[in-house]
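**Student:** The primary structure of each chain is shown beneath.
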Amino acid sequence: MKIKFWGVRGSIPIPGPDTVKYGGNTSCIEIRFNGIKRPIIIDAGSGIRELGNHMMLNDLPNGPIITDLFLTHTHWDHIMGFPFFTPIYLKDTRLKVYGPASFENDTLKNIIGNQMSHRYFPIRQAELASKIDYIELKEGPLKSRDDNISITTKWLNHPVLCLGYRFEYQDKVVCTLYDSEPFQNIFSTGPEDPSYDETMAVEGEKTAQMQNKLLENFFKNADLVIRDAQYTEEEYQASKKGWGHTSMEYAIESTKNAGVKRLALFHHEPTYSDKKLDELTKKFCSPDTTGNMEIFFAKEGMEIIL
Amino acid sequence: MGNSQNKTAENFHTIQEYLIKMPSLSTTVTKVLSVCNNPNTSANDLNKVVSLDPVLTGNVLKLINSAYYSLLNQVTSLTQAIIMLGLNTIKNLALSTAVLGNIALKKSRQDNAMDIFWTHCIATGVWSKALALETGIIRSKCEEYFVAGLLHDIGKIPLIHCFPAAYMKIVATAIEKGLSLLAAEKTVFGLNHEEIGKLIAQKWKLEGAISQAICTHHHLTETDDESLNFVERVAVADMLSKITTDGPEEDSLEDIFVETILQNSLIKTFLKNHNLSLLTLKTLQEKSQTEIENAKLFMQIAKG
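Note that the protein sequences, when read in sequence, are chains R and W.
To convert, note that position 23 of the first sequence is 23 in this note's numbering; the numbers rise steadily by one, no gaps.
The number in this note's numbering is simply the position in the second sequence, starting from 1, with 1000 added.
No lab work stands behind these hints: they were computed from the structure.
Predicted model only: the values in this text are computed from it and were never measured.
Some hints could be false.
As the list claims (entries may be wrong) - With beta-carbon atoms standing in for the labels, derived distance ranges:
| no. | chain 1 | residue 1 | chain 2 | residue 2 | range |
| --- | --- | --- | --- | --- | --- |
| 1 | R | Ile36 | W | Lys1007 | 54 to 60 Å |
| 2 | R | Asp133 | W | Asn1038 | 36 to 42 Å |
| 3 | W | Lys1007 | R | Gln209 | 50 to 56 Å |
| 4 | W | Leu1095 | R | Gln209 | 27 to 33 Å |
To be verified - List of simulated lysine-lysine pairs, DSSO-like, C-alpha gap at most 27 Å:
| no. | chain 1 | residue 1 | chain 2 | residue 2 |
| --- | --- | --- | --- | --- |
| 5 | W | Lys1268 | W | Lys1242 |
| 6 | R | Lys206 | W | Lys1062 |
| 7 | R | Lys206 | W | Lys1048 |
| 8 | R | Lys241 | W | Lys1242 |
Note that beta-carbon positions come from the ideal geometry of N, C-alpha and C, so glycine has one too.
Generate the whole structure from the sequences, applying the supplied hints.
**Tutor:** Given below as structure tokens:
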């Protein structure tokens, strides 16, 4: 398996001299599998534009582009690059877009495709030449794939329905776990609070613990985990609770005992410069503190071979 | 015959159309909007407001249970659903359900019927939970009893909404003449509220005991064996709720309560089987009454 990062930034693209090293594009990851022509793309953040151009140069000469796009969720920074993914304008392209549907009774096709409506974009979805199929996902193992890639999904804790993915192929495992916050008991636990309810407090605690345990099982023994680490613990505790992201400290602590070989810290906070990320690398990723698990901050353009 | 079949098909179509976008109850919509539009709303308040609206509760359970390819154990607890889906998703779901309703400033007769219906749902939920607790069900399972009580009559909502005048008329006639409401619904609309409840349970992907409570609370002989004990508590709660909350005011409670209970074979058998005394039931009634009044207070619904 070969994994390449085309966008690693959270929230919004931030091009400029301060983000040259780690990159300013939002989420997009490409996975290629030995012996399988069809690559998998995770998320259509602004990074997918460059990936599309790369595919036009390197894949198209060998035949039509056939690929699967797995969306973690439909927040803007994860879908905004879609209209700029050039292969969708070619008539022979075959694209399958997988992702969680919203609760609003709207289809994935509308949610993604309606970015390409007159008010937002000069080309309408209906005018696209390629054949695009939309498949709405739930939690659990995906069935009916015609290759030997095993794909399982897991609901994450984010302010919209959001999925983590586990890809397994030829004994190698890669997991994505963003955008995600550790599950918390959000119910009042102080009996002095007028709205305190003992049943809610107890069941809330039990549910949060169980969901975090299920999350750990989901990425257990993975060769690579790509994990949300948008904030430091201090930032998270101060003002980012409930925003749907994980602190670096929590991401590292809860991954390192799960038999994971490599942890890519991902979805970088847009206010972080290269200098800041270098400092954080020194703090969190030096070999004498990481134990058996290799930890690094994902960089745009970085390739990992498993 | 042909006309009656046509009428049934037409009513069925009207109800199906209504079910596609079923709004929150007019009784709860103002409170739902105020809680969910407040950025500082606590999880406890959100849980409370959702748990007091049968349509919202159904929609939250539908969302959580339709989110999995296979879920061996259905989620029947709002507390669990709120943690798993997150505050934001629940708030947005609640808002989108609430705004489907037509928020009229002036209360219509239909709204008054809905207020009465809402009180009966809450009372049955409260009674179901109280009976479960009293008969040895573990505390963590009791929320499911509340939900079942809350939802047992969900099939009446489309009838109240789609055919307000006709429905109120048959309810009044059924009470006056002591007739079966289910039979009257079937005759007039071609479908009774248990059958409509079944359609809703399917749409909300509710299975097991809660679905059984919705579809068979008037026909325990048709309840699945594994859900029978559960549904029996809900059916008894339904009766007790009718006797205590929908009936005359407190001053006549003593006499009417005891008298009516002794006439009701379902309640009598239940009390005997579970070794419950009338005194215990009266204690439960006082507690339940307080809980119902608190719910009304929370929803800012005037007493009486």
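**Student:** Next step is simple, just say for each hint if it's right about the structure.
**Tutor:** Hint check results:
Taking 54 to 60 Å as the suggested C-beta distance range, the pair Ile36/R and Lys1007/W conforms, at roughly 59 Å. In this structure the hint that Asp133/R and Asn1038/W lie 36 to 42 Å apart at CB holds, the actual value being about 41 Å. Between Lys1007/W and Gln209/R the Cβ separation comes to about 54 Å, which falls inside the hinted range of 50 to 56 Å. A beta carbon spacing of about 29 Å between Leu1095/W and Gln209/R agrees with the range 27 to 33 Å that was offered as a hint.
The hinted pair formed by Lys1268/W and Lys1242/W meets the criterion: a straight-line CA distance of about 15 Å does not exceed 27 Å. For the suggested pair Lys206/R and Lys1062/W, the alpha carbons sit about 22 Å apart, so the restraint of at most 27 Å is met. The hinted pair formed by Lys206/R and Lys1048/W meets the criterion: a straight-line CA distance of about 19 Å does not exceed 27 Å. For the given pair, Lys241/R sits about 45 Å from Lys1242/W by alpha-carbon distance, which is inconsistent with the 27 Å threshold.
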